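When you get a sec, could you build the whole thing from the sequences and use the hints?
Taken in sequence, the protein lines are chains U and B. Residues in the first sequence are numbered from 1 upward in steps of one, following the numbering used here. Residues in the second sequence are numbered from 1001 upward in steps of one, following the numbering used here.
There may be inaccurate statements among the hints.
Once the Cα atoms are required to be at most 30 Å apart in a straight line, the calculated DSSO-like pairs of lysine-lysine come out as [stated by the list, open to error]:
| # | chain 1 | residue 1 | chain 2 | residue 2 |
| --- | --- | --- | --- | --- |
| 1 | U | LYS120 | B | LYS1354 |
| 2 | U | LYS245 | U | LYS34 |
| 3 | B | LYS1018 | B | LYS1392 |
| 4 | B | LYS1354 | B | LYS1403 |
| 5 | U | LYS91 | B | LYS1392 |
| 6 | B | LYS1403 | U | LYS91 |
| 7 | U | LYS135 | B | LYS1294 |
| 8 | B | LYS1354 | U | LYS232 |
| 9 | B | LYS1045 | B | LYS1055 |
| 10 | B | LYS1045 | B | LYS1018 |
| 11 | U | LYS120 | B | LYS1351 |
| 12 | B | LYS1294 | U | LYS69 |
| 13 | B | LYS1354 | U | LYS85 |
| 14 | U | LYS316 | B | LYS1142 |
| 15 | U | LYS91 | U | LYS232 |
| 16 | B | LYS1294 | U | LYS91 |
| 17 | B | LYS1055 | U | LYS316 |
| 18 | B | LYS1392 | U | LYS120 |
| 19 | U | LYS91 | U | LYS135 |
Hint data in this document are derived by calculation from the structure and do not stem from the laboratory. Here the structure is a predicted model, which is why all the values come from computation and not from measurement.
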Amino acid sequence: MSIGHSAAAPGAVFLTPSPASPGKPSGPAIAQAKLANGLDVVVIPDHRAPVVTHMVWYRNGSADDPLGKSGIAHFLEHLMFKGTKNNPQGKFSELVADFGGQENAFTANDYTAYFQRVAKDHLAVCMEYEADRMKNLVLTDEVVAPERDVVLEERRMRTDSDPSDLLNEAVQAALFTQHPYGKPIIGWNHEIEGLGRDDALAYYDRFYTPENAILVVAGDVAPQEVIDLAQKIYGPVASRGAAPKRTRPREPEPRAHRLVTLSDEKVEQPSHQSVFLVPSYRTAAPGQAEALEVLAHLLGGGQTSLMFKKLVMDEKIAVAAGAHYQGTAVDDTRFYVFAVPAPGVTLEQLDDAIDKIIAQVAEHGVNEADFHRAKTRLVAEAVYAQDNQATLARWYGASLATGLTIEDVAHWPERIEAVTAEDVKKAARWLDKARSVTGFLLPAATPTRLEGDVDPALAG
Amino acid sequence: MTARASTENPSRAAAVQKVVSKGGIEAWLVEDYAVPLVALEFAFKGGAAQDPIGKPGVATLLAGLLDEGAGPYDDEAFHRALDEDAIELSFSADRDVLTGRMQTLSRNIGRAFELLRLAVAEPRLDPGPLERVVSQVAASLKREANDPDFVAGRAFRGLSYPGHPYGLPVRGDLATLPTLARGNLIDMRTRTFARDHLKIAVVGAIDAATLAGHLDDVFGALPEKADLDPVALVSFSGEGVRDITPVDVPQSTIRFGRQGIARKDPDFIAATVVNHILGGGIFSARLFREVREKRGLAYSVYSQLVAFDHAAYLSGGTSTKNERAAESMDVIQGEIASLAEHGPTEQELDKARKYLIGSYALRFDTSTKIAGQLVHLQTEGFGVEYLDERNKLIAAVTMEDAKRAAKRLFGDAKLLVTVAGRPEGM
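Next up, the structure:
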């Protein structure tokens, strides 16, 4: 058995609570088209159930929030449910509910997406409403103000009440000194408080255009019919001439290791994480991102990984350990390693042991059997993903929204197969301490205050 | 990819084959070759409700140890064997069942069933892995110790079923975890791993004859009858109680609940519809509209009906800033009282029925989800025909039914409320 990650990668922030997360697929015959107004269309057939997943992705996320307006991408995502000039607030959602459909939306660093999962007969209607809110959003202060409170509650729930999330936020902010990946997707409290109707509409006008969007339809559909339907329904949304530019300052080459610690009396289980600045699938040289993917699996993918074996099984200085490569990103991205210490083991001891494992791989490479097992496991993930149309839709959507192509996704398993042991050894050089931020989550220091003192304020 | 002719109302039950092996093991099979995968799920009756007195967490620990060494393989070798063929195998304990899940590429079916057989029939439960898994459970309990959601949930559980196994934590607690011994696990396995309460479902690229052979291999050697301790039928306690655990966070996490309606009660379906109207739906639910949309009091607010084998309750929750916690609770309380007194509107009833009917299909769109649904149905004691009947039952719920169920469910609107945080005015 294994226990969950202690330092979760910052994923997407959903409109309403949701457990879904993207996987690693490939497989079915994907169809693709581009409408005259610039909208990209992707169709993923899956005829096993009479169900369809309809998604619209916009190529903008929290990393495109204007300076001082952190959280606006996410706030607008909430406000997109507030009605249009044709359809009052709630009408679309009520319709989806009448169909027995599910819907939600989420914001990540590089994209914002909206989806409905419905019986296939209702696809056209979902398209009509989604196309409508691509151009006709109406916002009033009456709906904007309470929704801002909802977002502040969301932040209190996710982050402000959770020391480990506060630490994650500080680690990201330390890793990205310049690039906006360092800002939380949901935004900083004081900036969310200042967001209003005009900010939301300005952001909407800039980014919510057909040439900035990707339509993904997965399910029991005929590709050409979907493309025709998209032409009819999304086609009339006026083009703005060009997709908006993402202007993001590049992160300078990191030169110094940084340690971020958070001590809080609510922490009873310390934990360790290190985050390294590495290339993404989009910024990496050919084969490099795939090598990082294999490296992450070898280092910390499950119980046969190097970190688990060494730290948990052999040395028994950790109870959990793992690694994760967040490769789907427009700009240079993050590689995580994390561990939970066994009782009596300090985070410094754990940190040293992790350094040694990484150095070992960078100097001596990896064992052939471990290497093949990791690749087998990764390639199989692409097959497992075919079992879930929503997972496929998310994988393709996220990839296209971060600058990759359909072919990139479809041929991912082959590129993983092509990774050599030497590539992995080289990839380990990215995990140079100077490129990383280490986060220590610690219990409160031994209390020195006297009985009856006021409680310390919340850390962070 | 095979394109199946779709009809307006396909029979879901007709797609299910009942496979009975030579040795008498039954499984429900949905054969489908569209994707080269096989998913299997099974459940033994038992679960945390069978934990020995004073030792909560035994069933969870047993589930955690099944893939930590079996037959000729120690823990490391077993995991390596799984990974070499990309076979997914996991076990978990719930209140009344211990569940196993396997997923494999169809080319590795034979090996997958072999490893499943070892985990089920010959788990080693070695002391080394046991010690490690105990420390993993302990770490996860420590990590949540002051998490407001966990704190409110723990108080809720303890107050709703004091002195009953349902009041105890499924994963155990830090104080007693070190006392759980290998003997407890062996005993739990001996008592609960048996053929009489075993339910199995398989979905994917495998035919009935092949499956039947594997079923005998995996489960055939188990004893015929389980030896379960009786679990008392129990009512919900604590209605009217408010319990606050101070945690230094800016937000109050609230759990609320009261007695529910049993799964086999004739009003269960109507109660499901009524709960959907209160807080089961997302955008359409009263709680979402009143607490989140109109007042901006919370990001998450919900209610649900929970039915265990020997208890049933309504529960719900929200998280709202400390200064407005009392206001949130007043709004929730008001909606419950209003539904108890007046029932839903015709429009609400109509929309809830439509949603529940239409959304049923979304539970059946992946192999693993279908396998899970089919095991769940069997565990609850339903036949395969329920797959087609379920939506008819929802459609048949009248306003009279809904009002009656609302009265029973929400009654005097008294709630057990547990809070973690620093709520003002509560």
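The hints, checked one at a time:
Proximity of U/LYS120 to B/LYS1354 is assessed by CA-CA distance (about 16 Å); at most 30 Å being required, the pair is judged to hold. Annotation: proposed proximity of U/LYS245 to U/LYS34 holds, straight-line Cα distance about 19 Å (limit 30 Å). At roughly 23 Å between alpha-carbon atoms, B/LYS1018 and B/LYS1392 fall within 30 Å of each other, so this suggested pair holds. The hinted pair formed by B/LYS1354 and B/LYS1403 meets the criterion: a straight-line CA distance of about 18 Å does not exceed 30 Å.
This hinted pair checks out: U/LYS91 and B/LYS1392 have alpha carbons roughly 27 Å apart, not beyond 30 Å. Proposed proximity of B/LYS1403 and U/LYS91 is supported: the alpha carbons are some 26 Å apart, at most 30 Å. Between U/LYS135 and B/LYS1294, the direct Cα distance comes to roughly 25 Å. Compliance with the 30 Å bound is thereby established for this hinted pair. At roughly 28 Å between alpha-carbon atoms, B/LYS1354 and U/LYS232 fall within 30 Å of each other, so this suggested pair holds.
The suggested pairing of B/LYS1045 with B/LYS1055 holds, with an alpha-carbon distance near 19 Å, which does not exceed 30 Å. Distance restraint check for B/LYS1045 and B/LYS1018: the Cα-Cα separation of roughly 20 Å lies within the 30 Å cut-off, and the hinted pair is therefore satisfied. Straight-line distance between C-alpha atoms of U/LYS120 and B/LYS1351 comes to about 19 Å, which keeps the hinted pair within the 30 Å bound. For the given pair, B/LYS1294 sits about 25 Å from U/LYS69 by alpha-carbon distance, which is consistent with the 30 Å threshold.
Taking the CA atoms of B/LYS1354 and U/LYS85, the gap is about 27 Å. The hint holds against a cut of 30 Å. Between the alpha carbons of U/LYS316 and B/LYS1142 the distance comes to roughly 18 Å, so the proposed pair stays at or under 30 Å and holds. The suggested pairing of U/LYS91 with U/LYS232 holds, with an alpha-carbon distance near 22 Å, which does not exceed 30 Å. Distance restraint check for B/LYS1294 and U/LYS91: the Cα-Cα separation of roughly 16 Å lies within the 30 Å cut-off, and the hinted pair is therefore satisfied.
The suggested pairing of B/LYS1055 with U/LYS316 holds, with an alpha-carbon distance near 25 Å, which does not exceed 30 Å. Proximity of B/LYS1392 to U/LYS120 is assessed by CA-CA distance (about 21 Å); at most 30 Å being required, the pair is judged to hold. Note on U/LYS91 and U/LYS135: the hinted pairing holds, with a Cα-Cα distance of about 16 Å set against a maximum of 30 Å.
Checked against the numbered hints given earlier, this structure breaks none of them.
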